[in-house]
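Asker: Hints in hand, dock the two standalone chains.
The residues making up each chain are set out below.
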Amino acid sequence: MIRNSFLIAGLAAIGVGSMGLLSGCNPGTPEAPKPTDTKTEKPTATTAGARPEATDTGVKAEGDTIKIGLVAAKNGDDRPWGIDSEKGAMIAQDEINAAGGINGKKVQILVGDSASTPEGGKSAAEKLVSDGVVAILGEVASGTTALIEEVAFAKGIPVVTIGSTRTDLAAKGNNFFRVCYNDDFQGSTMAKFAFEGLKLHKVAIMTDNKLPYSQGLSKTFREAFTKLGGEIVDEQFYEKGQAQFSGQVENMKGKNPEGIFLSGYFTEVGAISKAIRGAGMKDAKLFGGDGWDSPSLITGGGEAIVDGHFCNHYNNADPRPEVQGFITKWKDKNNGAAPGTTMGALAYDAANMTFAAMKRCKDLTAKNIIAELENTENFPGVTGKITLKGQGGNPKKDATVVRVTKDGFTFAKTFPAE
Amino acid sequence: MGSALTLLAGLDPAGLPQQLVNGVLLGGIYALLALGYTMVYGVLRLINFAHGEVFMLGAYTSLFVSWALGFSPEAMKSGSHQSNPMNLVIMILVSMTVCALVGVVIELFAYRPMRGSSRIASLITAIGVSLLLQYGGQLFLPTSPPPSISDKVNPYSGSWEIPLKSADASLVAALAKARTEAKESQAEIDRQHINRFDTNLPPAQAALITTVETSERQVHDLEAKINNSSVKINLRYGQLIMLGSTIVLMLLLRHLVLKTPIGRAMRAVSHDFDSASLMGVNVNQIVTLTFMIGSALAGAGAMMYATLGDSPALNTFYGSLPGVKAFVAAVLGGIGNIPGAVLGGLLMGVAENLVVWAGYSQYKDAVAFVILIAVLLLKPGGIMGSSKVEKV
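So the sequence lines, in the order shown, correspond to chains A and B.
Counting in the numbering used here, the first sequence runs from 1 upward without gaps.
Counting in the numbering used here, the second sequence runs from 419 upward without gaps.
Pairwise CB distance ranges (calculated):
{"hint": "1", "chain 1": "A", "residue 1": "E418", "chain 2": "B", "residue 2": "Q623", "range": "27 to 33 Å"}
{"hint": "2", "chain 1": "B", "residue 1": "A624", "chain 2": "A", "residue 2": "R320", "range": "24 to 30 Å"}
{"hint": "3", "chain 1": "A", "residue 1": "E95", "chain 2": "B", "residue 2": "H499", "range": "38 to 44 Å"}
{"hint": "4", "chain 1": "A", "residue 1": "P319", "chain 2": "B", "residue 2": "T598", "range": "34 to 40 Å"}
{"hint": "5", "chain 1": "A", "residue 1": "P380", "chain 2": "B", "residue 2": "S588", "range": "57 to 63 Å"}
{"hint": "6", "chain 1": "A", "residue 1": "G390", "chain 2": "B", "residue 2": "H499", "range": "51 to 57 Å"}
These are calculated hints, taken from the structure and not from any lab test.
Ideal placement from N, C-alpha and C gives every residue a C-beta, glycine not left out.
With the rest of the complex left out, here is chain B (with noise of 0.2 Å):
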């Protein structure tokens, strides 16, 4: 009981509508990966482990098209550059288009043939398709050092403040005024090429470096009274975009597989394989096209990922960790389920932030592996997936 309430008493309760928010634009990416894996086992029954590389490849795409549209890491050393929306477009549309035709290719060469034999030889297939493009990959993509987009493709750099408790409004200006004479007291310290660090400086000099010193004092002192008095979500617009475009493409997704002849053969075939094709169901095409879908949400995934979020470098295991991820995503909300693979990602992002908001974050990615094995142990269908008992 004693150790409970130690536990609690860490927690940051302000930080908490802010986590769960970050929680769910995460979830929106999970979600997007885990539908292609949810998709490839309803048709299939085969868990593609390779779709953690698309999404890699996804990332390389977006990076080679920024370079293509003059974000080239030569580029950006000279001058200022303005994006506009439209490289943000082109962008996912070129990532998506690459991440399906990898998709078919990969089913093409690497599972069709394989769609005789036994399960697990798909599956194992499928883990060499991974490890070839993960260590294949190393042959081709730039990896060393590590590129990465640059930030200044993306047009929105600002953000949105949602307040829940505001903070008191002349705190608020004080912390403006004090921040400005920061700013500009380092402007001229750097204007004037004046070490800050000097300890043996002519008096007008450091009368500038004591300004700004009180003025960041002031700033950091101000900051925290107004951090400590207000709660607000900080949305960033990258970020909110990035959710916008994730609903797009579920709702796109949703009607394709709902209303239309091709999402009702799809359904067909993932009720029943055989029968479906007995029933005059073009089965290769149906499959082709499931993996040039679910490849597509990865690589459009894979943009936003890499170029709206705060991703680290690129490099050829970029899709290895969301791909366990994604995976997992999957099978919490019942694998093969579409709305499932949505409501598990969601469920993973969040998941995943509390971990961290309850001070936890070296067990952040060591939670995924948790909840799959409770899940297997407890509800092995998934939240929304049938009962029935399946061997992989």
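Only chain A is shown next, with the shape it has when bound in the complex (with noise of 0.2 Å):
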């Protein structure tokens, strides 16, 4: 008996090696280390200073326009974001090239497709990189963003990153900066929004083990959401790209939870919710972060995912100046479509922010780049002011929670920053 045992724990170790073999694409290649672990991870230290300091290995602005580079997955799943981010920086470029350049010089971005991979997403920084730019935006998805900020790290070039909100991305390096919140606020928002707003005291989690971004969030979700009294009671897993979801979803039915919180991307998070509401669960509150934030999700999710609820980044009916003006110039790009996504305005933040930072450089080297978006201080963004002295990278933003309907996303709450 007990070598029957021993035989079967061997096999089941190494079919589990052998699925990692056989998927093949997790995120992070044998060379490139899998950056973060969430087990492991200590959390993270909100002063300057505390992050390494990324080497200056001399890259700086050369000739008469200034090369910077965007990584967006211009293919594959998250295509809905790649190409608002595209659309939005480019619209930030023109503007300030009509308005003159950057102390004289024009502004030139150069764009990486990342192909919705994080693999496809460091091939295409070190494309970049050897194109020359000095600073780098992009990407969305966290897993992406983190081999990003490790090849930037190497030649000392800043990356600020559009929508990756995961926290522990920002102390890897003091060349990194957000133009988004980050993790630690969105999942302690949506545990807010769930116990106080939509009155739930036992909540479900479904996360997605494939997305570094998803892990995260839902461990801040569920501390959170204990801290304010909550119970949780069931955790399950899917992997990006599978297909079936009524085993988990049956599980959590026989917990009884009054929500369920999809910490996903949209691409799954349409066909979760008609497993939940084909199982019989009619009332369970459906409820997520920002990687729900596309129009792709009602498309997949039909009548299932309407009136689920999701913390974004800003809302296109919000009355400020930045906002409207914005939104007044993507539409005259778009044949008169307001944007899908936030990632165009978080883009368009980002590359502006970032041409801010290089006005107040006297000279355009990368090092100094980095000094001065470390020096951001009151910018204001389509998103909200944004400062990122003295915050490690993580600016401190509201949240905005906005509710699924057949036609849209419809405001619901703001959460101020804290």
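Answerer: Encoded structure:
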């Protein structure tokens, strides 16, 4: 008997190993070790100076045009985000060039395609570095941004991410900045919203094990929700690209959750919500993070996802002049269509914030740009005021919770930065 | 011992019947796909690694047909859409036909020229075809944003509940009442365009929100009570159609293989390729037919998987995971053995759901490979296969 159980345990171990090999799309290739490990990672230090300093390798802008890189998912699952990132950054580029450029020099944004994979993002970043960019904007997926950050850190080039919220990214180096909030804030915001807004007491979580973003967000949500006095009754896992969720859903059903936190991307959330409703959980509230942010969510989830809520970066209906001005510009370039995701506005902010930092540089070296980005104070972004000084790369931003309706996302509640 | 007890304590016995049913339903699709692997292996001794990609093309075909039938994303935005069963029939037939053609073309251009070469050369060609379709497909198939088949195509959206242990009728009535109340007050809130989460509302509107919150709380509490006191199996009509069609297709295949001259020829080729050809069996024709049938089954499976299940959005890698699992199912049942493939598929589906039921959803996909290794170590011939050692 004992020998048998050893054999089975051994087989299980081999099976799990071969699974990784065969699926072949885990974030992080052998030569680029997986940058993050949720279980061992210490909470991020938010004080500046605690972050390791990127070495100055003498990268600087030469010639009459300043080259800036943008890594965006122009293909693959995350395409809605990649396309909007590119459009937003290009609006910023055209604007600054029309206004005379940066200290008389024109700006050129070079776009690299990550094809929605971490490895693709890494090679796109390497290509951009060899093309001589002084700063890199992007990506949206946290797993991809982690690898871009590694490439840039080795070259001493700043990275301004557009939508990567995973908390521990910012602790990796002083060359990393966000224009969005991080998951510590996003997770606790959704916990507060679920507990106080939706009045839920028992919640289940569904995590995409293939996304560092989803793992991190589920973890912070769990901590915050438990702290508020709520109970996490179950956590189920799946992997991006997986097609069947009925088993996980059935397990959750047995625990009677009043709401389900879906921390993955819109590509799977639609199908999961259908499975949840199909299994007869008609009343469980569905909610999630900014990974839901795409109109494809509604086409994928149909009626099942209607009345769900998620945490977003800003709201198109916000009357602030920055928002309305940006939307007018966007509509001019896109035949009157409003932005479908918030990544356009975040990319626009990332580009403009970088331009503003560059304008303050005497000498356009990558090292100076990092220093000036760190000095950013009260930058008036479309998605809110951004201050990076002394924040360790994490700006304090408001979060906007939106509600999913048949026709789009409507405003539900704002949670102020903390 | 202690750890075994805590492990068992986490299990939910009430959920088991449903998980088993779900496993069988999922296993049906694996079985359809596994039949393709096993039939091709039977006649050619070739593992057709491109079979998962045929499945993917079947799902895309169903998508295009659904668009042509008026369920495109643009059309879905306007008005209500009534589907009828005919749409499903058209989708499955077109998908099967297209897949059958794709299977024939693959065999004709990729495998037939390699037939004289060593078996490993054919195997590598198969992997090549698989990669060609996965990556080449991105050139002409819509992948971004990943499209999905509208769930409106399926006219049977309800479900059939089989109570194994009924809940208290008064509780059920109370739940229905609370649910209607919650729905109605939410509709009223929406009608008046009130933001539920606004904290500065006039008293009349705030009262509405209190109503909705109270009735929702009641719904949650009652539902938990009912759920805890009853055991039931929930069968969605879509899943039942899936299972029914799968059984019909398998019976047709059984008839074809066992009762017709073509089936006899197929079995002869499978038994001994060269002797069959010497006995006057048109081997090329039989091989083509085998690919056709196997691929058509994959097409049928793909259509049902993508339309009637909770399929995620399509991309060109859509078939790779189901393909691998069906391959394992075929090996488990004994590759080359038709009833074995069906049994293997069902066992795979059930095993996967049991792993999830036991609370290890993160290892849901790993179980396929654990089974593969276990079969290869303990019974290389599979459950129903011959124990003859084969070198691939």
